[in-house]
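So the sequence lines, in the order shown, correspond to chains A and B.
Throughout the first sequence, residue numbering follows numbering that gives the first Met the number 0, covering 0 to 357 in sequence.
Throughout the second sequence, residue numbering follows numbering that gives the first Met the number 0, covering 0 to 308 in sequence.
Source of the hints: derived by calculation from the structure; they are not laboratory data.
Warning: the hint list may mix true and false statements.
[As the list claims (entries may be wrong)] Taking beta-carbon pairs under 10 Å as the criterion, some of the chain B residues facing chain A (in silico):
#	residue
1	Thr66
2	Arg91
3	Glu155
4	Gly256
5	Met261
6	Thr265
These numbers were taken from a predicted model, which means no experiment stands behind them.
Even glycine gets a Cβ: it sits at the ideal position worked out from N, Cα and C.
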Amino acid sequence: MTRISRRDTMRVLAAAMAAGAAGAAGLPARAAGGKITVLNWQGYGTDEAWSLEAFATATGIEVVHDYFSSEAETLTKLRTNPGAYDVVLLNSARVSTAAMEGLIVPADLATIPNAANISADLLTNPNFAIDGKGFAVPWVWGMTSIAVREGVAKPASYKDLAAPAYAGRFAMNDDAMIAVALGALTTGQDLNDPADMEAVKEALKALKPNIKLLWSSEDQWNKSFAAGEFDVSMFWSGGSVRSRRNAGLPVDFVVPAEGAVVWVDGLAVAAGAPNPEGAAAFINWMIDPKFYVEWATKVGAPASANAQALAALPADDLSAQVHKPDYMVSKNVMSAMPDERREAFNAAWEEVKAFYAE
Amino acid sequence: MPNEASPLPGPQSPGTGLHDLRGPHSPRKIPGWAATTALLLPAYAWLTLAVFLPLATMFVFSFLNKTPMGQAPVEFTLRHYRAFIDQGYLVRIAWNTLVMGFWTTLICAVLGFFAALALVRCTAGRQRETLLVLILLPFWTNGLVRVFSWTMVLRENGFLDSLWHLVGDGSISFLYSRPAIVLGLVHGYLPYMILTCYIALITIDDAVIEAAQSLGARWGTVLTRILIPLAAPGLISGAVLTFVPVIGSFMEPRILGGKVGMTLGTVIEDQFTQAFNWPLGASLSFTLLAVVLAIFATFSGVLKRGAAA
Numbered sequence: 000m001t002r003i004s005r006r007d008t009m010r011v012l013a014a015a016m017a018a019g020a021a022g023a024a025g026l027p028a029r030a031a032g033g034k035i036t037v038l039n040w041q042g043y044g045t046d047e048a049w050s051l052e053a054f055a056t057a058t059g060i061e062v063v064h065d066y067f068s069s070e071a072e073t074l075t076k077l078r079t080n081p082g083a084y085d086v087v088l089l090n091s092a093r094v095s096t097a098a099m100e101g102l103i104v105p106a107d108l109a110t111i112p113n114a115a116n117i118s119a120d121l122l123t124n125p126n127f128a129i130d131g132k133g134f135a136v137p138w139v140w141g142m143t144s145i146a147v148r149e150g151v152a153k154p155a156s157y158k159d160l161a162a163p164a165y166a167g168r169f170a171m172n173d174d175a176m177i178a179v180a181l182g183a184l185t186t187g188q189d190l191n192d193p194a195d196m197e198a199v200k201e202a203l204k205a206l207k208p209n210i211k212l213l214w215s216s217e218d219q220w221n222k223s224f225a226a227g228e229f230d231v232s233m234f235w236s237g238g239s240v241r242s243r244r245n246a247g248l249p250v251d252f253v254v255p256a257e258g259a260v261v262w263v264d265g266l267a268v269a270a271g272a273p274n275p276e277g278a279a280a281f282i283n284w285m286i287d288p289k290f291y292v293e294w295a296t297k298v299g300a301p302a303s304a305n306a307q308a309l310a311a312l313p314a315d316d317l318s319a320q321v322h323k324p325d326y327m328v329s330k331n332v333m334s335a336m337p338d339e340r341r342e343a344f345n346a347a348w349e350e351v352k353a354f355y356a357e
Numbered sequence: 000m001p002n003e004a005s006p007l008p009g010p011q012s013p014g015t016g017l018h019d020l021r022g023p024h025s026p027r028k029i030p031g032w033a034a035t036t037a038l039l040l041p042a043y044a045w046l047t048l049a050v051f052l053p054l055a056t057m058f059v060f061s062f063l064n065k066t067p068m069g070q071a072p073v074e075f076t077l078r079h080y081r082a083f084i085d086q087g088y089l090v091r092i093a094w095n096t097l098v099m100g101f102w103t104t105l106i107c108a109v110l111g112f113f114a115a116l117a118l119v120r121c122t123a124g125r126q127r128e129t130l131l132v133l134i135l136l137p138f139w140t141n142g143l144v145r146v147f148s149w150t151m152v153l154r155e156n157g158f159l160d161s162l163w164h165l166v167g168d169g170s171i172s173f174l175y176s177r178p179a180i181v182l183g184l185v186h187g188y189l190p191y192m193i194l195t196c197y198i199a200l201i202t203i204d205d206a207v208i209e210a211a212q213s214l215g216a217r218w219g220t221v222l223t224r225i226l227i228p229l230a231a232p233g234l235i236s237g238a239v240l241t242f243v244p245v246i247g248s249f250m251e252p253r254i255l256g257g258k259v260g261m262t263l264g265t266v267i268e269d270q271f272t273q274a275f276n277w278p279l280g281a282s283l284s285f286t287l288l289a290v291v292l293a294i295f296a297t298f299s300g301v302l303k304r305g306a307a308a
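Produce the entire structure from the sequences given, and follow the hints as far as they go.
See below:
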């Protein structure tokens, strides 16, 4: 979800540009016969050359890519180029929009055998399944929860974050969705739609004496953590793996009793796909443990939604240690939400931040 | 007043215009209005395109119920302009922002005025040019770099603490506080103040000061009765150039302010980058613009007198 908010920054711009460019720019190659077109972020798993070669050898299908630079652009591209794409990457919060608009078709799991290893809980999650029909196949996931400096007491619950032991040692993610989710989990509510927003705000306001700073980028987080400005923080699971692996920072990722805030990216078959069989074969390939282990160890990847793929990682793999399948709790997946609720989340977070600033 | 003695040409007589610039032998005369239009059109066309159109779009956005994008229909609403009533905490944030702007402007004015005074009265030639370039140097560095370098200085066990540890114990770090924000802002906007004061001070005739001194005026009297009044236009334009961007700033408060770094600027930025609520961001921006205009209207008498001085 944290990645979503980064992407959201460019939503309108991208939409405007895409709308303008749609007429001028050449349309992506039309997939036909032994060829499929995939729409994804650049460098996000599906376009690894070694994997595409192996896929072509195994199935005879050639894979062509088209990229988007924001999630809004994904939908715009699907709307303006019907029939151009076979497989499209969609975040859990976008699947329902795409499904409602008829941009994607339900996935036929009979043709995607590896989907059997995805937890039924996630496959039937309302983010991916509408009216009992699974639209996108969950592919990879990640979390936002607590990062703790080595040697500092680990919180067992989000409630512990307000403990005097962490006075002035806590860093919060400056993100309204994550903040409200934290407040909701602390007070035992649904993180996508907390019934009692006042309780959420109170829980967040209780953190005031402990809050040292509000971070907004991974780089800022790493610099401040390295300088010893805080010991405990809301942070991204993938970010904590990178901080430890690339920067050697002494950080542990902890998921307390209430669970983590989870985001999931899924792969869907586009409506009017020229090659739906090829699309299904490619999705199956993408959630295969063989591909995933190579991707995760060679390149670095988020956690696979396929439990077997995750289990196949080497035991000393940092990402495998952080992303335990138990943490993939379907009810904690960030979902699509109506504009009014989104606005209410943002207003609540602004109010809490104003309280911090007093 | 300082220019009275200088041999500048007087204002041109009403009959002369741009067309005379072509010289006396030109066979045809282009009417004055045509030349004026031709010269002004590119600039105004560009301004219209680059400033007024986006601003007008934002003004329209500020009355919509949601960011116009995708298929969802939009409606007109005034509710975003009620934000200061519906979300009472915004008033406190606005007050904090104005206080921050006041301190930044005041510190800039004091430091900038005396720096400009020193440049004008105590330096000359090469030396002055070098010093002026040194003042402009911060302008040539990226704002983010400036601010992040301050975080390295101000944070616990940063450069400032290292220096302090030579003489004392504990920490004097004040990163993530309001003074840290003001410090970063002063650093960023001081050059504007120095340059506007410098331009105002350099036009003051030495003879005026010598006359005052020959009549027995002390340094303090010269400063308060001659230098400050005569440099008021520079001080005022410097203050405007500082105050307006400072109360809209969001980068410095966010990076140097930590949890106290919430200003109207950061609230507006959040609406555009995080909340995807462009209408609210736009309406807050226009409210801020109205507040700035109200402040200037209140002090317009002072401003006019200053400008006329």
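Interface restraint verdict for Gly256 (chain B) against chain A (beta-carbon cut-off 10 Å): Holds, because the Cβ-Cβ distance from Gly256 (chain B) to chain A comes to roughly 8 Å (cut-off 10 Å).
If you take the shortest Cβ to Cβ gap from Met261 (chain B) to chain A, is it below 10 Å? OK, holds: Met261 (chain B) within 10 Å of chain A, min 4 Å.
Status of the Thr265 (chain B) interface restraint (C-beta, 10 Å, chain A): holds (8 Å)
Given a cut of 10 Å on the nearest C-beta pair, is the interface hint for Arg91 (chain B) held or broken against chain A? holds (6 Å)
Using the nearest Cβ pair, does Glu155 (chain B) come within less than 10 Å of chain A? At about 7 Å, which falls below the 10 Å cut-off, the nearest Cβ of chain A leaves the hint on Glu155 (chain B) intact, so it holds.
Given Thr66 (chain B) as an interface hint, is its Cβ closer than 10 Å to any Cβ of chain A? At 6 Å from the nearest chain A Cβ, Thr66 (chain B) passes the 10 Å test, so the hint holds.
Checked against the numbered hints listed earlier, the structure breaks none of them; every hint is satisfied.
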